[in-house]
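S.K.: Numbering (the UniProt record's numbering), first residue to last: 1 to 554.
In case anyone wonders, no lab produced these hints; they're calculated from the structure. Virtual Cβ for every residue (Gly too), placed ideally from N, Cα, C. Check the hints yourself; a few may be wrong.
As the list claims (entries may be wrong) - Have a look at the derived ranges for each label pair, beta carbon to beta carbon: (1) E370 to E214: 18 to 26 angstroms; (2) D464 to E290: 57 to 65 angstroms; (3) S316 to D424: 30 to 38 angstroms; (4) P217 to A532: 54 to 62 angstroms; (5) C408 to E370: 50 to 58 angstroms; (6) G218 to A383: 30 to 38 angstroms.
To be verified - Dumping the calculated EDC-like pairs for lysine to aspartate or glutamate here, alpha-carbon to alpha-carbon at most 16 angstroms: (7) K468 to E384; (8) K393 to E276; (9) K123 to E67; (10) K152 to D169; (11) K154 to E193; (12) K114 to E67; (13) K124 to E100; (14) K440 to E384; (15) K70 to E119; (16) K145 to E193; (17) K400 to D456; (18) K192 to E153; (19) K230 to D288; (20) K154 to D169; (21) K393 to D464; (22) K400 to D423; (23) K303 to E396; (24) K145 to D74; (25) K440 to D423; (26) K400 to D424; (27) K78 to E56.
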Amino acid sequence: MVDFHAESETTYIYVMKKADNRLKSLIPVSGTPAGSALVVATPDGSKRQKICASWENAITGVGQVFEGSKEFRDALHKYAIAHRFHYRFVKNDSSRVTAECTDEGCAWRIHASKSHAKEFAIKKVSGAHTCESETIKSHRLASQKWVASVIKEKIRDSPNYRPRDIANDLHREYGLSLNYSQAWRGKAIAQKELYSSHEEACNQLPWFCQRIVETNPGSVATLEALEDSKFRFFVAFHASLHGFEHGCRPLLFLDVISVRSNKHWKLLAATSVDGEGDIFPVALSVVDDESQENWHWFLEQLKASLPALGEVTFISNETKPERWSDAFFKGSRLGQYTCNVSETIAEWIPSRYELSVVQLVDTIRCNLMEMMYTRRESSNAWAEVLTPSANQKLQEQMNKALTLNVVCSTGNDGNSHVFEVCDDSVNVVNINTWECTCRKWQLSGIPCSHAIAVFDRTERCPLDYCDKCFTTEYYRLTYAMSINPIPDVLVPTVAGDLSHGAALHLSPILTRRQVGRPKEKPADPRIAIKRAVRCSRCKGYGHNKATCKVPITA
Numbered sequence: 001m002v003d004f005h006a007e008s009e010t011t012y013i014y015v016m017k018k019a020d021n022r023l024k025s026l027i028p029v030s031g032t033p034a035g036s037a038l039v040v041a042t043p044d045g046s047k048r049q050k051i052c053a054s055w056e057n058a059i060t061g062v063g064q065v066f067e068g069s070k071e072f073r074d075a076l077h078k079y080a081i082a083h084r085f086h087y088r089f090v091k092n093d094s095s096r097v098t099a100e101c102t103d104e105g106c107a108w109r110i111h112a113s114k115s116h117a118k119e120f121a122i123k124k125v126s127g128a129h130t131c132e133s134e135t136i137k138s139h140r141l142a143s144q145k146w147v148a149s150v151i152k153e154k155i156r157d158s159p160n161y162r163p164r165d166i167a168n169d170l171h172r173e174y175g176l177s178l179n180y181s182q183a184w185r186g187k188a189i190a191q192k193e194l195y196s197s198h199e200e201a202c203n204q205l206p207w208f209c210q211r212i213v214e215t216n217p218g219s220v221a222t223l224e225a226l227e228d229s230k231f232r233f234f235v236a237f238h239a240s241l242h243g244f245e246h247g248c249r250p251l252l253f254l255d256v257i258s259v260r261s262n263k264h265w266k267l268l269a270a271t272s273v274d275g276e277g278d279i280f281p282v283a284l285s286v287v288d289d290e291s292q293e294n295w296h297w298f299l300e301q302l303k304a305s306l307p308a309l310g311e312v313t314f315i316s317n318e319t320k321p322e323r324w325s326d327a328f329f330k331g332s333r334l335g336q337y338t339c340n341v342s343e344t345i346a347e348w349i350p351s352r353y354e355l356s357v358v359q360l361v362d363t364i365r366c367n368l369m370e371m372m373y374t375r376r377e378s379s380n381a382w383a384e385v386l387t388p389s390a391n392q393k394l395q396e397q398m399n400k401a402l403t404l405n406v407v408c409s410t411g412n413d414g415n416s417h418v419f420e421v422c423d424d425s426v427n428v429v430n431i432n433t434w435e436c437t438c439r440k441w442q443l444s445g446i447p448c449s450h451a452i453a454v455f456d457r458t459e460r461c462p463l464d465y466c467d468k469c470f471t472t473e474y475y476r477l478t479y480a481m482s483i484n485p486i487p488d489v490l491v492p493t494v495a496g497d498l499s500h501g502a503a504l505h506l507s508p509i510l511t512r513r514q515v516g517r518p519k520e521k522p523a524d525p526r527i528a529i530k531r532a533v534r535c536s537r538c539k540g541y542g543h544n545k546a547t548c549k550v551p552i553t554a
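Model the full structure from these sequences, guided by the hints.
M.R.: Structure follows, in structure tokens:
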């Protein structure tokens, strides 16, 4: 509501709160203020947040009706904080509540009970407050649960909300002084209420698997119960499986993602790369640890999810390399020379609060759903045959090919398909097998400068010799399918709602925190191995001349 005054240049803006049907006051509407300004100025000139007017009028008088005793106690709680006084309960049960001011000499007293109409109403308010409104340093009413109820929405929007900031905000908005531990405990309760306990969430997994398959037909969701109520969970959405089979590069990166917000779980991930070089998650698995058995189970589930899988290159840093020999790799890497592609998935997972398995997987699903939509929409504006990044790489090779010399050779079948290309070195190009002795064409999937020089000589189009996964058509096929939302994913269900797995009881995985500071980023296996120390005296390794103990024979 906006209030204009003809005699004043000041404009007053009021925010009206929607009336709650549960709070039915018998006092006329005209007897209560319509609203109050959100910000007022203190005597020192600084601005301070004012308590909402509904708190000051949470208790209006005799005849005010509530749904029950709990609603009355909540209203009394807010009323006491707004008017800055303490109270204690004389009687407190489901049918009647009597409270009085704790200040000696103050006669204020209130009584509410259930009437014949089964409405919980205020029956008597006696006396007036004779106690002075004090500057409350540690209000007894500002309990941990109350702090949690006030900051819950802020915690939902800002998981990084610090206890020190909580204490400062409550002091500024309500005039209450809390120490760090009080604010911290209130935040912990709010997080626990927002994010359900592990045991409840674990028992939601059978329902979650069922909902994934129902809302996303063709998806795979497997839950396997182990001993001691432990489990492992595998999920691959149909849109991801379709995109990998029809448009992605034939590469699968296997990596483990440490969930920093929850030390109970390990996330095994199989990701691919699209025609633009961006990561494309294919499948995920939640396990208790990164063991050989769990990896074997994960790969079995992945193989069953991709029955028509052709030739695929698997890249993993599980076994550390002795040398990073890209030039002699016989498989198809298609220009991908790193295996830390799962870092993007780790960025999707909030690190400031603890997630259950259902929340963890659903958080990744939401980000994956948004990612697919964004990339699909952006590709609609592409007019080139190749994706923008692939087209740029091809142009770079075409510029290098302008100064190369090509000598034609005749193959054994009499056709000219083998060529010699000279630059700083001599390279042989075979356009029938799509090979060049520099191996850049085979490794990247895009013709190298030597091959493009041959295409210029033979009047061929370089676009015809690029791998199909780099084309715009295949990129759009990658994101042709969509991941559908899962309604009510965080709503607990009863066992009767499940068509399967109702009797399955799962418990959270309990593990000890590993010693030392957790790694923020996995090590890059391409980093060169340190050169071994060699002794200049005996030519041996592992020591130097100063510590050499090998006898030298004359």
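S.K.: What are the numbers of the hints the structure violates, in ascending order?
M.R.: Of the numbered hints, 2, 14 and 23 do not hold.
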